[in-house]
Every structure is written in structure tokens, then in C-alpha cells.
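Take these sequences, add in the hints, and give me the full structure.
Next come the chains, spelled out residue by residue.
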Amino acid sequence: MGNRAPRLNRISKIFVSTGISLLVIAGAALATANVVSARTPAEKKEQASPLHPSFPFLDEDGMNVLETGNPVSTMNTCGSCHDSAFIAEHSFHVSVGLNDLSSPGKTVTERPWDISPGFFGTWNPLEYRYLSPQGDKKVDLTTPDWIQLYGLRHVGGGPAMYARDGQLLMDLKYSSTSLETNIVNPETGKLERWDWQESGVVEMNCFLCHTPNPNNDSRANALQNGDFKWANAATLVGSDIISVTGDSYTWNPDAFGDNNEIQPDVLQIQDPTNNNCGSCHGLVHDNIEDPLISLGCTPERWSTITTGQIISSQKMADSGMNLANKDELDRSWDVHAERLLNCVDCHYSINNPLFYQESEESKPDHLIFDPRRVEIGEYLEKPLHQFARGNSAQSQVAPELNDTMRTCESCHTVDSTHEWLPYLDSHLEALTCESCHIPRLYSSGNMVHDWTVLLPGDLPRRECRGAEGDVDSMGALLTGFEPVLIPSPDADGDMRLAPHNLITTWFWIYGDPPRPVLFTDLQAVFFEEGDYHPGIVLRFDDNNDGELSADELVINTDAKEDFVRDRLSLLGLSNPRITGEIQPYSINHDVASADWALEDCTACHGEESRITQSIKLAAVRPGNAQPEFVLGTERDLSGNLTTDENGALYYNPASDIENLYVFGHNKLGWLDWIGLGLFGAVVLGVVTHGGLRFYFASRQKTAEIKTEKIYMYGAYERMWHWLQTGVIILLLLTGLVIHRPDTFGFMDFRNMVLVHNIVATILAVNAILALFYHLASGEIQQYIPHPKGFFDQIFSQAIYYLKGMFKGEHHPFEKTPEKKLNPLQQVTYFGLLNVLLPLQGITGILMWGVQRWPSLAARLGGLPVLAPVHTIVAWLFASFIVLHVYLTTTGHTVVSNLEAMITGWEDTPS
Amino acid sequence: MKLSKFTWLFGAVFIIGLIVIPILVFFPGKEKSISADPWKNVPLKIPHIEHSAIIQGPFETGSDVTRACLECHEEAAQEVMGTVHWTWESQPYNLEGRDSAVTVGKKNSINNFCIGIQGNWPGCTSCHAGYGWEDANFDFSQEELVDCLVCHDNTGTYVKGYAGLPVESVDLEEIAKSVALPTRENCGSCHFKGGGGNAVKHGDLDETLYFPPSNVDIHMGEHDFLCTDCHQTENHNIMGRSISVSLDDANQVYCTDCHKEDLHEDDRINGHVDSVACQSCHIPNAATRDATKMYWDWSTAGSDEIEESLHTYLKIKGSFVYEDNFTPIYLWYNGGVAERYIYGDVIDPEEIVHINYPAGAIKDSTAKIFPFKIHLAKQPYDTVNNILLQPKTVGEGGFWTEFDWDLALQLGSDIVGLNYIGEYDFAETDMYWPTTHMVKAANEALTCDQCHGSEGRMDWEALGYYGDPIEWGGRYQSNSYQP
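Chains as they are written, first to last, in this note's numbering: chain A, 1 to 910; chain B, 911 to 1393.
Because the hints were derived from the structure by calculation, they are not lab data.
Treat the hints loosely; a few may be bogus.
Said to hold, decoys possible - Heads up, incomplete: computed chain A residues facing chain B, CB under 8 Å, no partners named:
#, residue
1, S332
2, D595
3, G726
4, L898
5, I902
Quick caveat, the model's predicted, so the values are computed rather than measured.
Glycine included, every Cβ here is placed at the ideal spot set by N, Cα and C.
Right, here's the structure in full:
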């Protein structure tokens, strides 16, 4: 005992001291915490509407859900202030094509099984499952199936509430064949009755877009369970408002205030944030501190899957992704996200009085801004839920809203920021801003969805763009990819190049009119009791190891194709065959600021131009099928598909896009060959002639001839001549660089264009002054041949050059200041100065003027005509110079002509 | 008229001119030159004259060395004695709201770390650039008391101890022979250890700056700067100021001494420089690597019950909280001081007492938003007179030996000249430390969303804005705050 007391004492001491120190630390922490909280900004505000009042949750009968325990009706709840019926009727997010149903195959895509231009009725080949047209024998999805499967990316209302004939789904009379009152039994493939009364319908879900943390997983659960009426309430699971156990949902009265209304601090009602939009549309990352992570080639959300676009303000270098050259990627994913723009800043509700802008077409000339607009209150009651948008290749719903969005130019001035870019207007006419400002996607995007085979997990075989290594894992190296430039319509209907991703889908179809092979049939072909069918293993196991690896699960032999086809036929499908389609996906986000935009002229102005840069479509073509572009995209897809030696498929954009002539890239090869040939011939001729002269001259004694100096060329003439010489040589050199920038990669393309233009101006001024001089002084006569005996004179001059010269004969025509040119020269110079020079000048001015008076140039065929003419004349000039220089050596002595042109005084035989 | 043989050359030049001049005229200059060369203002590193042959020992004391230095550098001591490194006291300054000019400085001011040096000289003055300041009678006019070696030792072995005297073990002769321009070690030996240990006081100055990686300090890491490349020195007057010990903004070092204000390529960023100090974006977090003291509670000092640990509790000092890599506090700051506690000022113990407070406001066009470390403390005050007290801590009767607050405060008050009645408690005080070192390059600077938007770090309304200026406009915009 005696020993224990002190020990206890010690223990208690430790306890006390630790306790005190803990208290002290806690106190200190508290004190700092107080200070810290005093200085950290107030709670995260999102975009909460500070005026949104508390409100009761009403059920479908307009009763408070706390009293009835029923699901909340958003139409009634939100509808007590906002005109929810109006909103639902005016929203393509709600209708998703229900209002534009047509008979199968009559949509813009012309797919035989598409029945609307929207999400409800247009096949999504990446998801594969499709809404079956009424009357199909084999049914993939009925309306309830569709809601269960695709409802998680549909906001509710529309087809989740109304039948195709406009009746409420709840009111539909049962019919055993109706695809709206039945659901497909996945086991039997047979239709079974769907009880709409029990499931209820999905109303337009306001919470999904207007609350900060909607629970889409929980909502998807409710949908998949067929608990449609609870789907909207399920969106709030996770908050204090509602809890779920199994299938039963319970409202929590504590979350509601004394008046049984939900309080603003419990449920925040706000403008849609990027996250709200992103939950369906694409990967949004707005957490500053957390590094963004997206694994390999399995990006999460829609636009990110199809294009690799990621909406995040984070610098790529700070992300948690395995990006190639990551350290250098000191740029945000999207400059607009970086600058804190929200999706709705550009994709606003089109009657939002803050953003609404009248179209240029309907606006009268005398107005810049029309201040008469919907009052705020009126807008809040009836906000159109039609959102301003561009015109993307993959979306055909609500085409009337295409290009309602702000364009880049609505916010950005182009002139002041693109001073460095010559021919700005011409560039803007041919290119969208995105072409240069989205030069690359740095993450991965999908390339192929191959549904001709099923991988474990019922997945298609996929190929990826912009990732290397094990593309489905964290270890994949994300190299990114350069989008393909495709002529696309802009708001004015003009075609401009814009970046796209192309995704190819391979799949089996059967019958006529064709339908994709049902997903369940595919499963039946490939799997038997959870494992691959032995026949499949036999045919697909290339290395005979008894296992099917991902590489083997591809239809790359006739044996594989035949076997699958046979099995499909066994299921009663007629004429099963493989087909493929290519869907372009527009890329408008992930915009780069100037620093990261394409600024290198030779990226387009060169042999390997971005304009025609091909894009890989697929590594293999299952069954050697030839895919076709999906119709109705309004894109000019007139390029061609090629297969390389490894069987990989490529799309090569058309090399001669209408009315587009890209200097340095487009050129007529044969024209250059002709020009070069001409040039070569002249050089050869001159060398031969000179050689002969030298040969004969060395064998002949020339008598000493008395000479005298004559003042042949006046100072102005000489200046004019040499200025012209220098300028033309510079023009030829710079022109050559512009024409073939690849050959002269060390020269700066942009500067060459500038020098060419400046020097051309000097040439023009010099030419005009010279013309004036020659006219005023009468020197012009020098160039005008006298008709009398003109041809004889030409002949005698020609014969002199060909014969007499070698014999040491004298020039047939004496050169005097009054008559400096022999008849042959007269003809040549007349042609040169009066035909070639003006022609070159005019074509040049027109080419320069393409951006100033485009219609004028267009009338003459535009650049595709002007440029080749300019090119061939340049070749003629080059050839002439060689000839001309050579002929100057034929004076009294080799250099006497040259001397004369320099000093003015010429030695001539006296 | 016979022209020279070479007359044509004139013609040739004329023609070349006709071609070249228009090209030059119309050729766009290189992209707008974004900044003048910032290296222009960085001093050249001229090799220092080797002193090993010049200096002759032996030296018994530091003052012996100083006398040797003064033989050649006759003016040096007088120069040093004119600076605050020697006086530890500012020039008299008319602080707004006070009747007479005041001086502040380590010599006579209170802080909320070790509180004050008076009566505690020998410990504190180990960082004084002089020898033997052990009591109030130190003779500030004695040239040979100037410590040349603390700044000019290049062996890295010089250590000062009691009252700033070199410790026993240092080899004065070897050190004297090594003298050269100050290195990071010379400055760092005091400035990195302000508050009595590494990183304690400043939050932006600590021993990581001896060999910092580029991402800790771009100038010293990437570009190998010395302290004196920015804190340029003429006649021993070293540029630099901090509102912890100064009242004015004279002799200050600015980023714009070398960098152009509008050097950013992005106009939107350049638009910030009128209202946001460079430091705000380019020092996103303070105390990047080494934790700094954020809170000091003297009231728990003297307890044997609490376990001692360097960064949480010491019996002689009380409880602490340290933080590293923290987000600074942002305030309008024009370089001046709005408040400075002077001994004898009456406090309101219910409120946090500002030992110092930076001057500036949204309506002050010379003020910019600037990052600060705030050091919070609980320190003793006289509960009757409501004045802050300064205890004697070091030496005989000091708190660090006796752990008797009453005695320590009485002794301290007698020395400082405060009227201590005998009743004390602990008041909360804070001190503002501008965060200006450990500058990050552009790629590590703050991005828009780190200040703006729902997750931004700025408390816009506290700064005087109506709301986030990205939506409400900046302080000079018509829809925003109008001065």
C-alpha cells in the first residue's frame, strides 16, 4: 500500500498536468480560431439569391408534405410563385425532343431507328441503348425503361411526364403493345405492364439545377427502382430535409421552420453553378485546394468523355493528373473558368433581361441598345428555360436556338489584341476563334466505341485519344490531342473551321429497316451463364491461353465475324452485319489565353498544315466496315477516309476547302514545276549561249575598236532601274518564302509577308513615277517599236544573238541615248513593264485586298485564282531577270552595259 | 563635270535607303517590351578586396578588431552609428493623434513577443551591432564599440553572446581576415531568428532562406540573390523598413525598384497593380516551410504542470501556437503606421490592443491591399492604470529565474518608468507584420479564383468594398466604392 500511494499520486499528477496542458492548448487554439474565423471571409456563398423566401414543400395535391408525407411536387412547390408550367413548356432540357417526334428515320440524322432530334429518341451510340419506335418487334427501351436508364441525365418533365400524344402518362390507357404502358422484362425480352399510378412520374426537377449539392446518385437510385414520384425528393437526400431507408422516404419536420416552410439556411436556392451544369454536361472542378483528378481515359462526364473538355480554373500543372510535360503546363484548363465565368454567363436564359441581346438582324439601324426589356419580377415569374447556345455538331434538338449565345466577339475585341496577325479579317473569315484558342486538349477523349464485341462488365471495346499506357488507370500518361478542324456553320451561316473530336462507333445491325442488335442479344451471343461462350473463347483466343484479353476481343478476322454473325442469326436476327458511324463533337470550351493559343503562322501556312491535319479514327475496322458520318451535323465532312498499312482508319479533311487558299499550304504543284522548268530553261540557255560566246571569242582576234563614252542613262533612269531591281529581287525572295515556308523554315513567315507588302508598295510607287517620267519626257518612245520593218529588225537582232555574235559581228542596231533598246528588247520590255508588271501588281493588290474588298477579289475567283497567277508571273519575272542580266553582258565589253547603268556613261564603238 | 569614280555609291546608298527605311518604319516593333531589364538595378557583385594580408592580429576583443578596421575605414563607425542597426531607435516622428513627436525602435518600444528590451538588455542586445550594451548606460558614441564583424564576417563562425560580445570560442583574427561584403548568413543570423529562434517573428524570414529552392524564394533561390541585392546599402545605411519598429516608410525597398509596375502581359492583371501590392499575389502563403509563431499566451508561463515543448509551451514564456504555410491577412496599407502603442498609453482591456496597426484605407489612393501576418498575444497589463507593462525577464529578479510576475513587472516598470500599482492581468494584443519576403514566380502566384468568387480568400466587405470587385467593380469604378 505504502508504495502505491506515491505511484497513484504520480499518475494523477500526469493526468492533471496533461489535462491542464490540453485545456491550455484548447484555449489557445480557440483563441486563434476566433481570430482566424474573424478574418476568414464569410461562409461560401455560391450564388444564393439573397431574396429567396422560405417556402412550403407541396405535394401533387398542393398540400404540405409534412402533413401528407407524400413526395414533393416541384411543379406545385416552385409553381406557387414561378410559372412552372410555362417554364416546363419552354425548355429543351425538359422536352428533349418529345415535341418533335417523327416517324422512324425521318429525323435530321436519318438513322432508321431515331424518332426525334433530342435525347428522347435520338440514338446515343456511346450508351448504345435506344428508345424503340412503336411497332418494333424486338424492343430495347420503352418509355419507363428510358426513364430508368436515361432519366439520370434528364431533368424530368417532358417525356417523363407526358406520353408521345401529349396525354399525361398517368392517364394512359393500358395496351399490351404500347411502348408507353409497358416495360421490357430483361429476362424474357417480353413487354410487361407498367403501373404509372404506382410509379408516378418525374416532374421537372428544379432542385437539380437550383440547389448547391443535388444528390444525383440518390435520384438515379429512385429512378432505377421505378420510384419515379420520389425522384425529385431524392435529390435532397443528404441534406437534413429528407431521409431514406430502403424505399421509404421520410420528411424531417425539424428542417422546416415553425410555419412548416423550408428555411433559406436549410435549402439554398441559387442560380445554377458550374457544378449543377457539370453534373450532366461535363467534368467541372471548382475546388481551389484539391488537385483535379481524372483517371486515364475514363473521364467522368459527358462532354469530357466525348471531347476531353474540363471546366476548371486550376492550373494544369497543379492538377493531380498524369499529364505529359506537366511542369510546363502553367495554364488553367479553361481561361473562362479561371476568370470566374459561370456556364450561365454565356448560356443564359434567353429572356433574362440582364443578358438578353437583340439579334443584329432584327435590330433597327438607329439602335445600339434597346433598354425596353422584361421587368425583373416578370422574368422571375416566367424565366424562359431555353438557354442561349451555340451550334454544336452533336446536338440537334431545338435548332431554333442555335447561335443564340454570345459569340467570342460579343465580349472580346479582336482588333486590338491581334495587331500582330496580318490579314485579320481573312483569318476570321476562315477560322473560328476556337481554332487557334483551343489548339489542343490536354486530357484524353474517346475515339472508338466498338459494340461489335462485349468486354467483361458489358462494356464495349474502347479506343482512346490522348492517353498512353494502361488507359483505364491512374498510370496512363495523358498526352492530350489536337482536335481536327472542320468547316462548321457560324451564326451568319458562313462556314468557318472549328475544332472537333470525332468518335467512331462500330455496331451490329440487323433487318430492314435496320436496327442495332439489342443489347440483350449481344449479351446472349457473347456470354453464357456469366462467362464467355465457349465458341467465342475458341475463336477470339488468339494466343490460345484459354483466356480472352482485351486485345483479343476485337473482330479482326473473318472467323470471329462469321461466328458472331452466325450466333446473331441463331437468335432470329436477319442479315446481321457490322456497320460504323462517325460523330463529330464540337469543342468550344477549354479555351486558352493568348499565351497558349496557336500563334505560329507555319502551323497552318505550310505543307503539314493544321487545316488539313488528319485525325486518327480507329486502330482497326471490325469486319472491314466503312463508317459513315452521322447526318444532320451541318458540318462539311467532305474529306476522305483512309486506312494505313496497319489497318488504322484516318479522316483527312478536304485539302481544297471552298474559297480557302492558305498561303504556303495551298499551291498548284504543276504550276511551280512549269515555272521552275521555265526558269531552268532560261538558265540553261544563257549558260550555253555564254559558253559558246566564250569559246568563239577565244578563237577569234578582235580588232581594237575605238570607243567613246556616251552619257546613256540619266540619273533618274538609273535610280528607277536599280530601285526596281532591288525591289523585285526582294519580292521574289520573300514571295518564295511565303509560297514555300517549309523549305525556308528559318525565315519568319509573318515578317516575310510584311516585307513583301511594304516592298511591293515601293515598287508600285516607283513604277507610277517612272511611267510619269517616261510619258512626260517622251522617253516612252524608247519602248514603242516603230512598225516599219519591225519584224525584220527583230529577226536580224535574233540572228545576231544566235549567230553573228559568235563571229564577232557588230550589233545590228547601234545603241544611242535616243535609241537604247533594240527591237527585241523593245518587245520584251514592253511586255514586261506593260503586261507582267501590272498583272503582278494587280493580282498582288487584290490578294492583299482580299480582306478589304473581298467581293472584288471574289469576283475574280478569289485567292484560288489570283494566287496561282501571281505565282506563275513571279516565275516569269525570275526567268526574265536571268536573261536580262545575261544580255547586259553582250555590250561592247562584258561590263560596259552594267557600267553604263551604274555611272550613266557607256563605252560604245565610236 | 567629272564625277568621282565612286559617285554611284551614293546612288546605291540612296536606293537601299529607299527600300530599307519604309520596311523599318512599318515593321512592328518586337512585341511590346513588357519590362525594362530588372537586372539593371541589381548591384554588380564586385570581388571584395582580400583582407587576410592586410589585417594583423592578434585581437583580444571585438573592439580591437573595430579599431583595426577604423585605421583604414575612418568613417565607417560614424556611418554605422547613424543607422538604426546601432541606435535601435527611430527619428522623432509626428504620429497622427499624438501631441508630440515620438521615437520607436527596439530600444524603447513594446512588442507582443518578449515584450521589451529594457532591463533585459544582455539577452536582447546579442543582436545589436555593437559590443557591451548591458544596461541603460551603454555609450552610443564610442566608435570602437561598433561591431564590424557581425555583418562582415565571411567565415560563418562569428557568434555573438552576452550583450553582443563575441563568445569565447570565436577566432577573432581569422574572422577579421575574412571580412567581405555581407552574405545571407550575416543578415540571417539576426533577422531569421527574430523573436529568439528560427522563424519565430516574421513569418517571411527564416533559415530556409539560407539556401532556398526556387519555389520558396524566386530571387534568392532561382537567381541567387543576396539580401543586399535588394536591401542596397550606401555608407552602411541599409535600405528597408518594417512597421514593427518603424513609423515612416522612408528608405523602403520596393518591387518596382527593379520591376515595371505594368509588366504583366495580361491587362486584367496589370489593372490590379493600382490597388493590390505585388506581395499579395506573389506571396500566396507565408511561412512556406518553417512554422512561425502566431499566438503567444504569457499568462500560462511559470507553470510546472504543463509539459514543455519548443513550439507549444515553455515555462519561462508560456503557451504558443505555430503555423506554417498559412494564408496571410489582407489589409489596406500605404507603408505607414496608423497606430503604435507607446509605453503609458491607456488600453481598453476588453478590446484587442493594437501594438501596431498599418495605415491605409480603401479611400487612400496610396494604399494597396497587402498581406500581413498577425501575431496575437496575451501579455501583462496594469489592471488599475490600464497600461501595458514590461516585465524584467532576464537576470536577477527576472521572471525567467523567479517566475514571480509581480516582482518581474515591478522591476520592469521601474526601469521603463511605468506606474505599476501591483495588480496585473493579461490583455490580448496583436501585432501586424508585413509579408514581403519569400516571393514566388508568376506560375506560383495567386490565380483569380483564390481571391474572387465563392471560395476566394478576401473579405471584400471588410476591405471596404460593396462586394467582390470582380462583380461590383474596383475601387475607382462608378458602380463600386467611390472615395
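Consistency of the hints with the structure:
| no. | hint | verdict |
| --- | --- | --- |
| 1 | S332 | holds (7 Å) |
| 2 | D595 | holds (7 Å) |
| 3 | G726 | holds (5 Å) |
| 4 | L898 | violated (11 Å) |
| 5 | I902 | holds (5 Å) |
Of the numbered hints listed earlier, the single one contradicted by the structure is hint 4.
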